[in-house]
Amino acid sequence: MGFTYARRPSAAAPAVQRCRDDGESCGRPGQFADRFARATPAVQRQPAADVTQMSITAEFAQGLSDEELIRQGRAAMGQLAATAQDDPGYPSYYQNLALLLRELQHRPQAGGAAARLSGRPGMLPLFLEWQSAGLLDPPFRPSEVPGFPSFPVTAAQSAQIGPGLPLAGAGLGLGPGLGGGYRPLPPIQFPIEPVPTEPVPIRPPVLEPIPEPVVDPTRIPAVPPIAIFLIVLLWPSETAPAWMDGMNQVTGEPYGSEQEYQWVNRLTPGQRDYLTRLARARREVPDPALETDPAPWEVPRVEARPEEEDSTPGCVGQPIPRRGGHRRHDAYATKVTGTTQDYYARTPYGLEIAYDGQGHGLIDMWEVKVGFGWFFNPDSAGLRDLTLARFDAQMARGMAVAATCGYLHLWTIPDRWVAGTLNARWGGTPPVLSIPE
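Here the sequence shown stands for residues 1 to 437, numbered as in UniProt numbering.
Just so you know, these hints were derived from the structure itself, not from any lab. Please note that the accuracy of each hint is not assured.
To be verified - Distance ranges between label pairs, derived from CB positions:
hint: 1; residue 1: Ala331; residue 2: Asn265; range: 28 to 34 Å
hint: 2; residue 1: Thr340; residue 2: Ser150; range: 40 to 46 Å
hint: 3; residue 1: Gly147; residue 2: Thr429; range: 23 to 29 Å
hint: 4; residue 1: Arg416; residue 2: Ala289; range: 33 to 39 Å
hint: 5; residue 1: Pro139; residue 2: Gly361; range: 38 to 44 Å
hint: 6; residue 1: Arg280; residue 2: Gly338; range: 27 to 33 Å
Even for Gly, the Cβ is constructed at its ideal location relative to N, Cα and C.
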């Protein structure tokens, strides 16, 4: 099913047109975009922050499975990102659509193996999501982070998920080295005094006057606290195992099983840090206002003056006003380059680009990015791939101009995990740094 993105003449946010007849199911009652508009009419007028808790109405979900709605919604998001970024209503509409898809993705009745887990699923649903999105393998997993061992799946979890478990190489049941269960310590046996065999003669009680008690506040008896301590320490009791008392170091949620507890504790610090980053990324959504750059080659053509001729004959280079348009991006570019201007360059063959600034070395040309932590959110896998393809094109043009005109092209992004992904994708050329904001 295809979707097109149409602008409205009014100031309201745009909407997706009816699907084109591309041979699939165009015209089916209640197709995605129409239901999105009907189910959430206020979305066209409200910012994204106002609809984070919006519910999926029965009308919206009628006729299609959740998996099909998610597939169509991601396709619509990709179409929006590719064709409608210059529309003033695009950022609000896009974020609302992303939030709606996120709620749909995590509804209890949503399809998928992860959604069928109940009780105490633990980390297994996240592992399934990360694996299906390719986040556990290069280029997203940095080269310095070792590959992850098979994730242990208990028999109960396997029965809930059913056949077709999309978890390559996962250990089923207890797995190697994880046999046995929790065995409580035997209770402590207290010694029992022997009972005398001969009867003890009964002596009549002697009544003596009871003196008045004298309380000395300076003397604190030491025996009662010690006795209480010993009773608490030695009293036989069955406590919960460590995996039930603790929280998962990666997710901050309870462990799903003893096997998961042992699996997490066997991870290296690098593996644990990376999974923690993946868990945090599930709360991150795209921000088009921050992350949508103007096309680097859509710059006004300028004629070179003698003092603006570059060192390479025929190359033109000169500072131009900053085109980022977002305060955070512009502030980061200024910190990295030391200048408040972008830098325009053109080769003798007419290939041109606007870098984010000329560095202190005068030949280093920078491209800076801010955000994009949602690259590691499985819900944004489709948009991530589109964005990376756009980065590839921008990088190739920047490298071509730099090679012709004798520049050194550099990239930087504050998120070290995103920087690592780009370095792995491009083989370190150009180098992608992680300069903090």
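> Looking at the structure, which of the earlier hints fail to hold?
Replying inline: Violated: hints 1, 2, 4 and 5.
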